[in-house]
Every structure is written in C-alpha cells, then in structure tokens.
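Quick note, the sequences are listed as chains A and B, same order.
Each residue of the first sequence is one higher than the one before, starting from 1 at the first, in my numbering.
Each residue of the second sequence is one higher than the one before, starting from 1001 at the first, in my numbering.
Take these hints with a grain of salt, some might be off.
Unchecked claim - Heads up, simulated SDA-like pairs for lysine to any residue below, C-alpha to C-alpha not over 25 Å straight-line:
1) B:K1339 - A:G324
2) B:K1048 - A:K439
3) A:K437 - B:I1230
4) A:K368 - B:G1103
5) A:K238 - B:E1200
6) A:K370 - B:A1044
7) A:K439 - A:A404
8) A:K257 - B:R1345
Unchecked claim - If you only want the chain A side, here are some residues facing chain B, beta carbon under 10 Å, derived:
9) R224
10) M248
11) E332
12) F334
13) G341
14) L342
15) M386
Said to hold, decoys possible - Stretches of chain A that chain B covers, calculated by requiring three or more beta carbons in the stretch to come under 8 Å of a beta carbon on chain B:
16) 258 to 267
17) 343 to 354
18) 371 to 381
19) 420 to 429
20) 445 to 451
Simulated from the structure, these hints should not be mistaken for lab results.
We put the CB at the ideal spot given by N, CA and C, even for glycine.
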Amino acid sequence: MSEMSVSAANTFHRGVHPDEFKAMSSGIRSRELPLPEEVFIPLQQHIGAPCEALVQKGDTVKTGQKIADSQAFVSSPVHASITGVVRAVAAFPHPLGGRVPMIHIVREGEADEWELLERPESWEAASVETLKHIVREAGIVGLGGAAFPTHVKMSPPEDKHVDHFILNGCECEPFLTCDHRSMLEETDNILTGMSIIMKMLKIDKGIIGIENNKQDAVDVMQSRVDALQLGFKVQPLKVKYPQGAEKMLIAAALGRKVPTGGLPMDVGVVVNNIATAQAVYNAVVNGKPLIQRMLTVAGDAVAEPGNLTVRVGTSFKTCIDACGGLKSETAEVFMGGPMMGLSQYDLNVPTLKATSGIVCLESSQLKKVKQYPCIQCGRCVGACPMNLVPTRLARFAETAQYDACNEWGVFNCVECGSCAFVCPSGIPLVQWIRVGKVKVTEKQNKVKAEA
Amino acid sequence: MSETASTPEKQPIPKKVQKDPRAKLFKPEISFILASSPHFHASASVPKIMWNVILALVPAVIMAFIYFGWASAGLILSSVSAALLSEMLVNKVKGGGFTILDGSAAITGLLLALTLPPTFSLGGAALGSVFAILIGKHVFGGLGYNIFNPALLGRAFLQASFPVKMTSWSWPLTTQYVDLDGVTAATPLGLFKFEQTTTELTGLLTGNISGSLGETSALAVLAGGLYLLIRKYADWRIPLSYLLSVFLISGIFWLISPEVYPSPVFHLFSGGLMLGAFFMATDMVTSPVTAAGAWIFGAGAGLVLVLIRLFGGLPEGVMYSILFMNAFTPIINRYTRPKFFGEIRA
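With the rest of the complex left out, here is chain B (with noise of 0.2 Å):
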C-alpha cells in the first residue's frame, strides 16, 4: 500500500532498509508467552504425590499410637522435624530456596520413625533423621539424585550405632504384658528365629504384637498401600513382585521342610515387609522406571529378604533387601530399555 504510493522526489533520503509493507502491524496489542509444547498439563505435581504418601501413611501412624501410645507420637514428632530441620539448613547452605514444602523430607522423617522400636530414644531418632536428610540424600545431589532410601539408610546407620536398642522391643499397650515393666518383648520374627515359635496370623494382621512402630498391622500398612496403587502414587509392579517372591521363595522352602521354615502367608504379613514393599522399596527415586525393570527390582528384593530372614543372622531382612536392589536401580534401568513400538529385535 504506502511502497507503491511513495516517490523518490518526495524522498531525499533513500531508505536502506526495505520497509515491510505490514510494519505498522507489528506492534503486538499484547505479548504472549512462547513455549515449546505441550502446552497443556496434568495436574500433578511432585508435592502432590509426596503429601499423598504422607496421607496413605495415615493408618499405620494411628495404628501405632493405638499400640504404643505417646511414645509414638514423640518418636515422629521427633524424626519428622529433624528432618525438615535438617532440609533447610541444606536449603540455607545450598540456597535455590526452601524445598520442605515438597514434602518429600517429611516421608523420610516419617517413614524413619515407623520403622523404629516404641523404646527408641528421641533423640537417636532425630539422628537417624539427620543422617538420612544429609547423607542419605543431599551428599548425593537431593531430591531426585540419592541412590538409596534416604530412611532406610538412616535406620541402617541406626542400626550399626545402636545396635541393642535397635532390637529391643516393648508389647503393644493393649495386651496384658503391658505392666510388666522391663520385660523385653520379641518380634514373632525374632520368636521365630530364636525360639521357634510361630505368632497367630490373626496378631500380625492388627498389628497387637511387638514390633517397629508402624509395622506391626499390616493391615493398616495394605489399606494405606492400596490407596497408592489405586491413585497411582506408586507402581504397582514393585509391590507385587517384591511380595510374589518372598511368598513363592519362601513356599518352596517351606514345601521342602515346614518344621524348619516358616509358612509363606506368615513371611507375608511378618515384620517390616508390608511397609517395605509399599512405601519402601516404590520410592521413585530409588527404583527403576521401567516396567520390566520394576518386576527385577522386586523380585530381587524378595529373594534377598528370604535369604536374610531364613539363612542370615539378623531376624528381618526388609531394610537390606531393598537397600541391596538401591543399588542396582541404575544398571537395572540400563539393561531393560522398553521395544519400541514396531521395533523388530533380531
């Protein structure tokens, strides 16, 4: 339109540049973002799912203050806030700004604590915390980066500092045992390792037996790990496997010999392995991503908790089978990459 209205008498100067004809157009009414897309999102998020699991926790957290009272609302009161105490001194040393919201140092701190004995001290449960936060997860890069379970490696540090009173334990409130001040309880892990004797399946499902704080009802530890599954906050293929190969591990022993080993439904519903194989060993971070490498992952696990439980010198097994599998996340990712879709492998 003007290109072809303007004359050169008109126009001393002549015009470097050739002006485009839409120039005037150019002057954007409003400025939009540019994004590559999608442009449309889901509306999860990573504090989302952590506060999930936080709420999926909620049953075996009343559950342990049915049984064990005040002394487990001190120990996670005390774990929890040594670990986000801990988050933000790594928040206020590192800066990049203060990631407890996410939520995710709040699970350690909880998940810590309901995997103590009732009697632990306080303070030794701050500790395993704060060893958790800054060694379990931040020497390695935080949130996303730690190789191993941030609680989990706490308890184990735990567990080698504090050896006895890590295996001490106390019977629930609610039985009859419970005046009898001093008494020291067994885990039916422990009575069956030590002394033989088996615990009614009826007792390890509620949970009115001696154990870690959060273990003992696997019942309240399932219902919370149902509601991961069925929201999918955690894969389902872990839980699954983990818990097919303790049972079919286990049964084959037990098949072979019942006198000597323990059935597979009481390997099941025994110890730490409920909360271990919900809560524990779906820890993203820590687990392999892949479908085929999610089946590896627990069925790993389960042989090495069998093996613990059975053959090793410690009672429970959870804590190290899935510690052990920690480490093979990254070379179980390497080796199970999906077939593409239409890939023909020779």
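Isolated chain A, as found in the complex (with noise of 0.2 Å):
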C-alpha cells in the first residue's frame, strides 16, 4: 500500500496513558467457543424501552428465532441464541448488578438450526427502509458499550444533516482486542458492512479511526480498501485514552466539537463501532441476528488470554473456562476494560450483546493507590477530556452542594476515569461525580414534581 495514501496520525486534547496489556491476546486468531449447553439472554440489552418475552416456559426455540421485543421505537428484539428449550423466564444475575428478567434456554442435543431473517437479493438493489427493517428485526445495537439501537442510530431527525461516518476502530481500553482481531480476520465484511450503514444514512464520506498501536489493522484496512475502491479513508490515531469514546473520536478524526449536551449528529457524524458494522453485515447479507459477537478474554489471571466468538447469553465462567480458568490469585474480574469496565461478583451471569471482554487481574496489577486528601495538583484537571474540574465536582457531590455540581457540568461527565487514573491521592472521583450525577437528577425531578 502507499505510504502516501496514510494520513498523519491525529488525537484529542488532554487524555491519559494507561499501559496497554494488549500483547497477551492480540497476535492469537480468535476461536469460537463450542456451543454452551444453555444461556441467558436478558430481555433488555439496549438503550431504551425494555422488551417483552415472546417465548414462554417450555417453548422449542431455534438458534436465531426472536425470543422478545417491544413496539417502542427507540428499543431492539432479543434472539435466542442457542436451539433448545426455553426453561424459565425469570430474573437472574445481570453483569450490571442486581437481577433483571431474561429467558433462559437450555440447548438439546448437538443440533444449531437457525432461523435467518428475511433479506434481499442483493443489499446494493435494496432500499434503504428495507435495510433499516432488516437492521432493527436483527436486534443490532452499539456494540461499543452504549448499545444504543443502530436502526434509530441510522434514522437521524429532518432537521440535522449527516455528511460522516465513522467507524471506531480505536479500542482504547487496556487489554481488549477483540475490535482489532476482527479488523484483520473480518476485514471485507466489516467493510461491507461499513457500507450498508452508509447507504442507509445515504452518505459517501466516511473514516476508519485506528489507533496507530494496531498498525497491522491500519495497513490491512488500507490495502482492502483501496483493492475494493471504497474510497473510505483511514485515519490513523496518535495512542491515548479515551479515544474511543465518541466525542473524542469525532474531535481526532475530524476536528469537529460536538457540542454539550449533544449528540454527534449535531456535527454531521454517525459513529458506529466495529463489532457493529460486522453485526450489520452478517444480519443483511447473511440473515443472521445478532445472537454473538467476538470478545476479549484477558488479564494476568486467565491461564491463556484470547479472542473468543460467544453467543449471547454464555455465562462469564464459559468463556474464562475456554481460556484455561481461572488462578487462585484472582483479585478482581471485570465485564468491560479496567478504566471503564463493571465488577463481577458472581461469574454465572451471562455476556450481553454489548460485553467486548472480560478481564481478570491478580492484585499486583490493580495497583490500588493509599488515599490522601486531596492537594490540588490539578492533574484530573489536565486528563479530563471533556475539560472539567474533576476535583471541585467530587468535592461539591461530597459536600451535598449539589447546585454547583450541575452548574461545573456535572453531567458533561463520561466517566472515562482518566481523573482517578492520574489522582496522586487515590480519590475515588468518578464515583463522587456519578453520586453527584444522581443527586442532581433527584433534585430536579423534586422541583419539577413540586412545579
């Protein structure tokens, strides 16, 4: 490929640098996990109006079959994603916490009989509410993290005019590889999927943003554009964290703010993740719904860290079991990476259409830091992306100054945690800054009852 046709590498302001870990499991081909012998697929996996079940107790599920969905616009159906028998529509334990309702199936026998969506021909002839009907039927949401609904993602209001995509190859995160194992093993499909949310939005310009530590995805990305003349091009991004995150992507590849309290397509963007232009590929050209996606499973406690192929709904043990288990020594799990990622305290909750990894550390690698009181350095002030004051947010939440809390933007938060990444006295900021984010919101939601 020419070295000509490569742009120089761009990034965000401010940020942080966190080591990578990213060696353990990049250079391995991914493997799928044999089939589980059941799952648990929560009903909700996505932003917006929860789904109901379709399915009951006993029912024979194919691999594929909508299992649950909702009228809402702003929502996505679930699919089961094994062939077996549904044994219980109940609450479970959900990696966020608590339980939540979800369909439990149990597979039978060896067989994996699908059932495909309706598709077209070809994808190029069809039009493009064909596409999104296709795209929403496939319960496809931002496999990022957010998982926002795609179909409402590529249904943007009259009023705002879209001219970019981009696709997020960034992967910031410490330890997760799963984005830039299916950048170099899926790289047409991706590409074509890329295209089909392009078509959707009916727009030609758009960026692949790579971080330039994975310059194999960027030269492979490259080369297959060019050879398909896609005209898309691939954006290079300087190493930091968090430029995964939208706003940040949007800031490095195009030089565009999206403004406070808004949504990128105020700029004229669309961001969508890897995982997800490979899920719109597989729903419209092969028919099939996402019912599983390729994560990360890594960290100094897993014997051998790789890149797996799960359904959704494989329990967190299935997937660290097929790595090799467990150590003894294992301190911390998380669902996510270690910036952002959740604790688990119970590994029989299943992966979500949205988990990209799951990491377990030792305790030498948390590198818990002894707190002191806070000395002003600033230093959270320097990493915050998004250009608050962590410091005084933390303080007027702790305070109960709840006022000065939204007034210092405390909603502007994403919750990187580059200010507790840096914070020399170990505070814990971006859990006084949510305490904040909630307390403001009941705040509010008294006045405006009392109103």
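Got two chains here, separate frames each, mind docking them using the hints?
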C-alpha cells in the first residue's frame, strides 16, 4: 500500500496513557467457543424501552428466533442464541448488578438450527427502509458498550444534516483486542457492513479511525479499501485514552466538537463500532440476527488469554474456562476494560450483546493507591477530555452542593476514569461524580414534581 | 434441571422460595474485589510528588552549604526536624495515622530554612517551623486544606517576631569579606533599595552574594525548578506567568527611568524570586487548579512583587506577593471554570 494515502496520526486534547496489556491476546487468532449448554438472555440489552418475552417456559426455540420484542421505536428485539428449550423466564443475576428478567434456554442435543431473517437478494439493490428494517429485526445495537439501537441511529431527524460516518476502531481500553482481531480476520465483512451503514445514512464520506498501536489493522484496512475502491479514509490516531469515546474520536478524526449535551449528529457525524458494522453485515448479507460476538478474555489471572466468538447469554465462567480458567490469586474480574469496566462478584452472569471483554486481574496489577486528601494538584483537570474540573465536582458532591455540581457540568462527564487514573491522592473521583449526577437528577425531579 | 425433576409426592413440605436453578453455582470459589471503575491507576502518589520536590531542592541545599557552611546545615536540620516533630504531635493529638512519611512536612521545614538569613538562630528556625505546621497547616485542616503556603506563613511569623534578625545578612564564606567578623552584609535588593548600588549578574546567578540560605544561587534553584516542570511535579504556567509578569512590569518602569529603577533582568535573578516562583508559588494546595487560574495567580503575584520592591518599605516582596495571591486562590478557582468540551458560551 502506498505511504502517501495514509494520513498523519491525529488525536484529541488531554486524556491519559494507561499501560496497554494488549499483546497477550492481540497476536492470537480468535476461536469460536463451542455451543454452550445453556444461555441466559436478558430481555433488555439496549438503551430504550424494555422488551417483552414472546416465548414461555417449555417452548422450543431455534437459533436466531426472535424471543422478545417491543412496540417502541427506541428498542431492539432479542433472539435465541442456541437451539433448545426455554426453561424459565425469570430474574437472574446480571453483569450490571442485581437481578434482571432473562430467558433461560437449555440446549437440546447438538443441533444448531438457524432461523434466518428475510433479506434481499443484494443489499446494493435494497431500499434504505428495507435495510433499516433488517437491522432492527436483527436486534443490532451499538456494540462498543452503550448498546444504543442501531436502526435509531440510522434514522437521524430531518433537521440534522449528516455528512460523515466514522467507524470506531480505536479500542482504547487496555487488554481489549476483539476489534483489532476482527479488523484483521473479518476485514472485508466489516467494510461491507460499513458500506451498508453509509447507504442507510445516504452519505459517501466514511472514515475508519484506528489507533496506531494497531498498525497491522491500519495497513490491512487501507489495502482492502484501496483494492475494493471504497474511497474510505483510513485515519490512524495517536494512542491515547479515551479516544474510543464518540466525542473524542470525532474531535480526533474530523476536528469537530459535539456541543455540550448534544449528539454526534449535531455536527453531522454518525459513529459505530467495528463489531456493529460486522453485525450489520451478518444481518443484511447472511440474514443472521445478532446472537453472537467476539470478545476478549484477558488479564494476568487468565491462563490462556485470547479472543472468543461467543453466543449472547453464555456465562462468564464458560468463557473464562475456555481460556484455561482463573488462577487462584484472582482479585478482580470485570466486564469491559479496566478503565470503565464493571466489577463482577458472580461469574454465572451472562455475556451481553455489548460485552466486549472479560478482564481478570491479580491483585499485583490493580495498583490500588493509598488515599490522601486532595492536594489541588490539578492533574485531573489536565486529564479530563471533557475539560471539567473533577476535583471540584467530587468535592461538591461530597459536601452536598448539588447546584454547584450541575453548574460545573457534572452531566458532561463521560465517566472515562482518566481523572481517577491520574489522581495522586487515590480519590474515587468518578464515584463521587456519579453520586453528584444521581443527586442532581433527584433534586431536579423533585423540583419538577412540586411545580 | 432439578426443577423439572421434582415431583410433588416426594416433597411433603412445599417449597416457599422458588429455588434458583443455578443455586449450586452461586457459592463463589474465589471472592472478588468489587470496586467502582477505573480499576487502573497511574503510578503517581502524594508522597512521590513531595519527595521529588525535596529532590529538586538538593542543588539549592548544596549551594547553601558551599556558601554558608555548617550554619546552613544547622538551620536546615533544626527547621526540618521541628516541622517533622510538630507533624507527629498533630498526628498524636488528631489521630488517624502518622503522616510524616508523605513528605509534606519535610518540604515545609526545608523551604522555610532556605528562606532564612544564614546568621539566624537555630531556635528561631525551629520556632518558625512549628508555627508553619501547627498554625499554617493544621489549624486549617491539614494537608490539602491550608489556604496559605505554610513555609511562607512561618517566615512571615518570623519576620514579624524578629524583624532585625530576619534582615541581618552575612557574606558567603567564599568571599573576601569572610574574616571581617561583625560586618553586616546587605543583599543585592537591599543594596539597591538603600544605597542605589547594583550587583553583577554573575553574582546573582552563582549565588556568591549575601542573601537567604537557598535563594542566592538563581542557577541552582532554576535547575531544580526545571526538573519539577519536566517531570510535571509543578504547573509550568505559574513560574512562567510569575516571572513574565515581573519581567514585563519591572521592564516598563526601567524603560521609563533606567536610573531610578533596576533592570528587569536584575529583578528576575535577585532575591527569592526563583525559589518563590518554582517552589512556593507552585505549591499545589495553595495555587489554582485551573489553567486560566494559574496564569492569573502568577501574573498577580508578579505585579504585587514589583510594587513592593519598587515602592514598598521592604527591599523584597516574594513572600508577601505569594501569600497575597494564596488568599485569592479559592476565588480564582471559582471564577475560572474552563469551557466544557463543546460548550458554546453566550
């Protein structure tokens, strides 16, 4: 590929540089996890209205059969990820904590009978409405973590003029390499998925943003874009956390700033994750609903880190066992990367559509810091990509000054954790900011109720 | 699995609680830490910052020893140990663990010693440290809560209590005047203020002049200061804006009347400005956290300094200029909120 066509690496302002720990899994080809014995599929795996179960105990379901749906526009159906019998529709432990309604399916025999979606002969000839319908019916949501229904993203309001699509290949969280592996192993499918998304958005300017610690992915993407004459721009980005955050990526790749409280479409951009583009491809071209995804199982507490393609609803334990199991010194296991991931206490929780990784760490890697009083060093201010003053937000939350919390922009916080990462006093800044958000909301609701 | 197999006849007592089909899996083999994200942390810590500041002061300490000999060692030891003992006393009274290892009390003691005249008494130095730690730091709530730089507050206390001793200077051991016992020396700023004599720049840089222990050699202080900036243990905006402000404001006066007012270069390298700009104004606790605030803080301190030096009764004004701006730090923080990412201000 030509050096000339590769743009110079860009990035956004501020942010941090955590150790990457990606090498333990980035060089190993992904594996397909054998079909699990049972799956637990939460009824809600997206932002928006919850789904209602379409099946009941005792029903036989096929792989890909829709098992829950909602009439609401901002919602996304869920599908059976294995062929078997519904054992229960009840509340089970969820990786976000607590118990959530789920459909428990137990596999029957070795069969994996698919129920495919209706799809057009060729996606190029299909109408935009047909494509959006398939994306909705396939239950596709943003797979980078937020799980926003993709068909909604593909339907910007009339007054928003979208002119760019950015494919998010940053994968800035330490340990996670599933997007990296996908880019290497499924290059053409991802590019086709991206073309389908851009057709739905009726735009022709596409950018693929990839951090330059994945130079092989940058090269492969560039060569395939050239070979297929797609005209997308492959944009290498300087490694920095949290570059994969939508607003940071848009600033890095396009130099546009999403206004406070706004959405990417306010600056004419739609962003989707690598895995989402792949899911769109699978749905539109192969008729497969979103019932499996690639995720990273890594960390020094795992014997054989790697990337697995797993069915949605497979337990964390099954995934970890497929990677050699946990070492006995394991201190912490979380869903997602170490910067934004959620601690788990029960490994029987199921993987979700938006689960990009399971990271298991020994205590030596956690580097918990002794807590000191805030010395006003301002490092959190220098790290915050949203240009907030985390130390003040935390202190306002701690001292119950919720109006000040709001005034100093507590809702702009994306909870990336950069502030707490650099804090020499080990103050749980993000935790305090979350408290602030909850309390400000409570107060606002109270005022509304009284009015 | 077990749920479908259970038959009512074999179960005389009806199950009240529906058994979770995975109950057997619920006993975790390992217990995990549950924590809020982020789960990672950079290697920074408060003690690491503090001990690096002390490391950055080593060149100034060495120069103090070269120029003022064992008197400097005595003053530093007396001041630092008094600071540490006071901190331990507070720990004992307040409880909550010993904090002398975090390095902050040691910095206060060391900085205070470096601002003292070499002829100052050891007991006086210790007294200043006790005041700095007890009143300057812990009365306000301890580390992180004090409004004023404790070392400077300690020095202000000594200045008020021992005005003559605090302005009695001696020549460095390396000068020819050394054997003239009893001859009172004057600092370059004092010489200029009261005798209209200027000092050579080389003397100001190397420190072969009279002055406070750690302030005479501008180069030694600068070396340590640059270390702090490069390693990001101090906000570069504060020394830059402070020095720039002193240079520009004193430069204006110098341009108006070079015979009456000393050159801006003289201002930069004389007195305690370098030590103040790199080690005291940058005290994290007592300076603003916002970038705009740092610029205002430094610029304000520079203005106050030049006004004191040119029009005040004292030859030097670093201490008061920083203490003055310390008082404004909370209000500067309040009014310099950075623009949020994507914020459009009306």
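Out of the numbered hints, which ones does the structure contradict? As far as the earlier hints go, 1, 2, 3, 5, 9, 20 are violated by this structure, in ascending order.
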